[in-house]
Amino acid sequence: MIPPQFDYHAPGTLDEALGLLGSLDDPKVMSGGQSLLPMLKLRLASPANIVDIGRIPGLDTLAEEDGFLRIGALVTETDLEQSEVVAERYPILLDTAKVIADPLVRNRATICGNVAHGDPANDHPATMLALGAQVVATGPDGARTIDVGEFFFGLFMTALAEDEILTEIRIPAPAARSGGAYVKLERKVGDYAVAGSAVQLALAGDGTVASAGIGLTNLGIAPIRATAAEDALTGQAPDDDAIAAAAQAAADATEPIADRRGSVEYKKNMARVLTARAIRKALARAGG
Amino acid sequence: MAPKTSAKICGMGHSMKRKEDPRFLQGKGNYIDDFTLPGMLWLDIVRSPIAYGKIKNIDSSKALEIPGVLAVLTGKDLEAYNLHWMPTLMSDTQMVLPTDTVMYQAQEVAGVIATSRYAAADGVAAVEVEYEPMKPVMDPFKALEDDAPVLRTDKEGKTDNHIWHWEAGDKEATDKIFDEADVVVREKMHVPRIHVASIETCGCLADFNPVEGHLTVYMTTQAPHAIRTVLALVAGHVGLSEEKIRVVSPDIGGGFGGKVPVYPGYVIAIAASVVLGTPVKWIEDRMENLQADSFARDYHMDAEIAANADGRIRALRIKTIADHGYSDAQAAPSKWPAGLFSICTGSYDLEQAYAEVDAVYTNKPPGGVAYRCSFRVTEAVHCMERVVDTLAHKIGKDPAQLREENFIPKEAFPYHSPLGWEYDSGDYQAAMDKAKEMIGYDDLRREQAEKRARGELMGIGVCSFTEVLGAGPSKDFDILGIKMFDSAEVRVHPTGKAIARFGTKSQGQGHETTYAQIIAEELGLPAAHVQVEEGDTDTAPYGLGTYASRSTPTAGAAGAMAARAIRDKAAKIAAHLLEVSEEDLDWEPGTFSVKGAPDKSVSIQDCAFAAYTNLPPGMEPGMEATNYYDPPNLTFPFGTYICVVDIDRGTGEVSVRRFVAVDDCGNIINPMIVQGQIHGGLTQGIGPALYEEMTYDEDGNNQAGSFMDYLVPTAVETPAWETGHTVTPSPHHPLGAKGVGESATVGAPPAIANAVVDALAHLGVTHVEIPIRPDRVWEILREKGVAE
Amino acid sequence: MATHQITVTVNGAAHAATVDSRLLLVHLIRDDLALTGTHIGCDTTHCGACTVLMDGVPVKSCTVLAVQADGAELGTVEGLAGADGMTPLQEGFQEEHGLQCGFCTPGMLMTGTALLESNPNPSEAEIREAISGNLCRCTGYVNIVKAVEYAAGKMGEGD
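Read top to bottom, the protein sequences are chains A, B and C. The first sequence runs 1018 to 1305 under our numbering. The second sequence runs -8 to 779 under our numbering. The third sequence runs 30 to 188 under our numbering.
Keep in mind the hints are simulated off the structure, nothing from the lab. All C-beta atoms, glycine included, are put in the ideal place defined by N, C-alpha and C. Don't take every hint at face value.
Said to hold, decoys possible - Quick look at which bits of chain A chain B covers, simulated, 3 or more residues with Cβ under 8 Å:
(1) 1138 to 1146
(2) 1198 to 1206
(3) 1281 to 1288
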């Protein structure tokens, strides 16, 4: 499998990269390349120009600052897996990173690339939806912040403009008594999800759910934020009935297609089962 | 069993470290894509995006404009040489390149020759082919319906899609037992289309020398000698002559049957080299490998057993539809269209059996190969072992106990099966006892009862298989008329070191080590001093190759016989050196000594030196022997596998908690290698049981054409296999060995399927199709009202 | 089509090369540098036969452009040990019969080498997880796990 011909550019600064995006014919941004290069080899994509942002300094931030966890464009899944702050405060991110592709791919694959790709089968979008993350898109006129809930439009379609680069993802620091979990059903290691459910919860002093974020993987043409499921939990004591209601609401929010991973009915039920499991795991982590 | 030879000699029974390992571990193996020759060109192949249709036009002009693209070969070009079709091993025909019709998705349509792999790939993308699609026939049952379109219109007079009918056994006598039996159980099952997916794909480097008229082909083949003969037979008319064809099979990155057939890509590369007079290399990529190379299995079976009320099995009846794709391109012995499927009566002593198979054309790639199996043994064992469990659950008897009560008793060997086999030896109860003990069978049954009471789903699966290997005896087994013997040529040099060449070809089985151990066992030379070579038709003796676990039963036996002939000569030399008569000599590995005077001795090395320097009068110099071994019978390894599975009631996922495999492959040459073969076979058993399946949509699109959807198990899915063995030697093999490479692939899927059914049997479930995907299990859980 | 001048250090030796934008790193290593111990087994970044170390990190070299490796230190199977022997991990593969056809082995060795570098005493589960991006069709993985454990044991002896 041989990629089609293209021109390769490795800008040394963000400005240079943005300049290239503005001036080149049919450019495509590459960071880790772990989604893009397979597509090129399969000749499913044939950009005239590739702009590799991998050599731009300053895009590798992974730190909590000003109430956010900042994940720069070049932070890899492995970086996430090895991060102490992630392990301690954002275990849902660790859950997610660990089930993406395989460890070798994760050495190059980036979190921002996983989100920017706009593939509903990718895992981070659901998690970012659950976490209420912000996407920082930098273009010729500077950076703008997009709520992740308004980022995904459809299959490989996002709010990112053609002359913009996804430079950072910002995740609000978790409130006290909060916890999250990502639960994925895959056919084997390295597989895209049959279904996946990301749940981030915060508990109120009385043990009821103060806030809930629920995102779903590979259950529609875009990553799904299950707002009805979030509503079903919010303000409730997270007992079996509330969990079942939220899990069912999550299933109702899905529009899967039948394929080799299962029927529509199976996938909808998996949305329910996995969401219930993710809620329970998130509750346990929240100290509920 | 303690080895007969010292650790220094390292004959049979020693876990000798492999001689081939250092080169593989240091990146110094020589696989096909590692070869380059001066002036070498690259072949890449244009493939059909549709499953069935007419080719209206092939326009190569844009491809030929690409720098580095030199030529585009089409079926019309090959037609000029009458090379556009080729015969299959099963007397069918298959296209090399089509002139007018494509018969499956990913079929070869044109070959692009270029100066680099990159230019060749660009050329492939630029060839424009205009198709007129037709509605493909994908379902073999529909293919047999009266109004189905006839696919093989190239065959004059062909009016349907039926290929052949095969049957074995006494139908009338079998039917009679079914009519009067107390109990009859029946299961319909599909052993689906799968793919060997060796990590190395197929490829070749064809190097035709137009001046000499000599062709050398380096290629990924498990049967180099047969390939040479086939090339001479099919391309004789274009000037290829067998003495000027050399086939070299280098290190092979896994074969498993997938590197037995002649694929069109090989032929196109050879044709291109002959036409252009330059070396041409073809290396297929993974998607080509999965989508176009030969499949395995794809048997739709309808099986019944008749039994007494107490579970005594009396008869077996199986009706099978075999989906062969558009051509019967099986790699199987010529007289055995359904392979060795008639081993289906398995480990049980039945009164009668009747099995029939009907083969069908569809718009799928042609095949098939055996996928680590001795020609349809996997299908036969899956069928029998599944339906035996159905009987056990129906009459309420423990599946292990039911098997024990029906085993062929060890006193009954050699045993004549109702379908015509003479089983050489067996002790099935011993393997069962050992497996039950290793896994703690009774405790597991107690645990299962407790869990079931709590609503948890746990199953224990048992499989007691019998294989049939080592094809085979010349009266029954041939490929294109060539008898399925195999060969060894052993030559001992003056300093007592040896070279041994064989007609087989290792693809990871470790022949360089185990064959050396066989020679060491018989001659008493250290195995370290025996260089083993295979795969070069210019140097190795003729043999039919390595597949169907035949290497040890055939070539291994030939090696032992050749070594014995050398030892006989050495004895004469020893008698000469010691000045006694041959009858006065004792032999222990490596040394002849005078009876009663053990200090008077000569070594085998002394004899070797004397064979070149100090011969008895009248003796022919040298110390070598060649043996072509025609086995008197096949070998019948067996074993019992038991596994434990837990089922997730929420997702339907099956996890294999433990898996115990007790194998009996007769005498063991290298225990380490045998265990490795079992581990690998088990993993290629859990694959088809839980993950692997090649499927198509109704338009003929392949749905598992890459490793994204053809699910090869990783280290995470694969359990920590537990192995054990019993030893029941083969009475007819010179070493008492039986062969082992495929037992586990055969035995594992029914053990896993039986465990899953066992977990669900109390809900009335009698069968689940493989691969046992989570969604399949969940549908059952939901139907039975136990899904979370 | 643009070409690029790059320099890579492979197994300690610097190489300059002129590469097309689209040249895959695995082809640079195999075809241009003639280090054929690194293999190719799939098209979709699943099999890991092409695993090499890039600045010490195991990556699938079929999914890296050669030009992306400009300036990098690359390690392949040929560079694991000197002419006088094999590393404990290579030795472990032979001792524990962790290879059969040998095709996946170089990739397994590179992944295993990196694992032992970062985790000198991995558990069985950690080893299985670490090699889950490297497919093997022959061994059933059990003996590969043992080979890594063998190397961990041997490398720990000096402590």
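Structure-based check of each hint:
no., hint, result
1, 1138 to 1146, "violated (count 0)"
2, 1198 to 1206, "holds (count 4)"
3, 1281 to 1288, "holds (count 3)"
Hint check: a violation occurs at hint 1 only; the rest are consistent with the structure.
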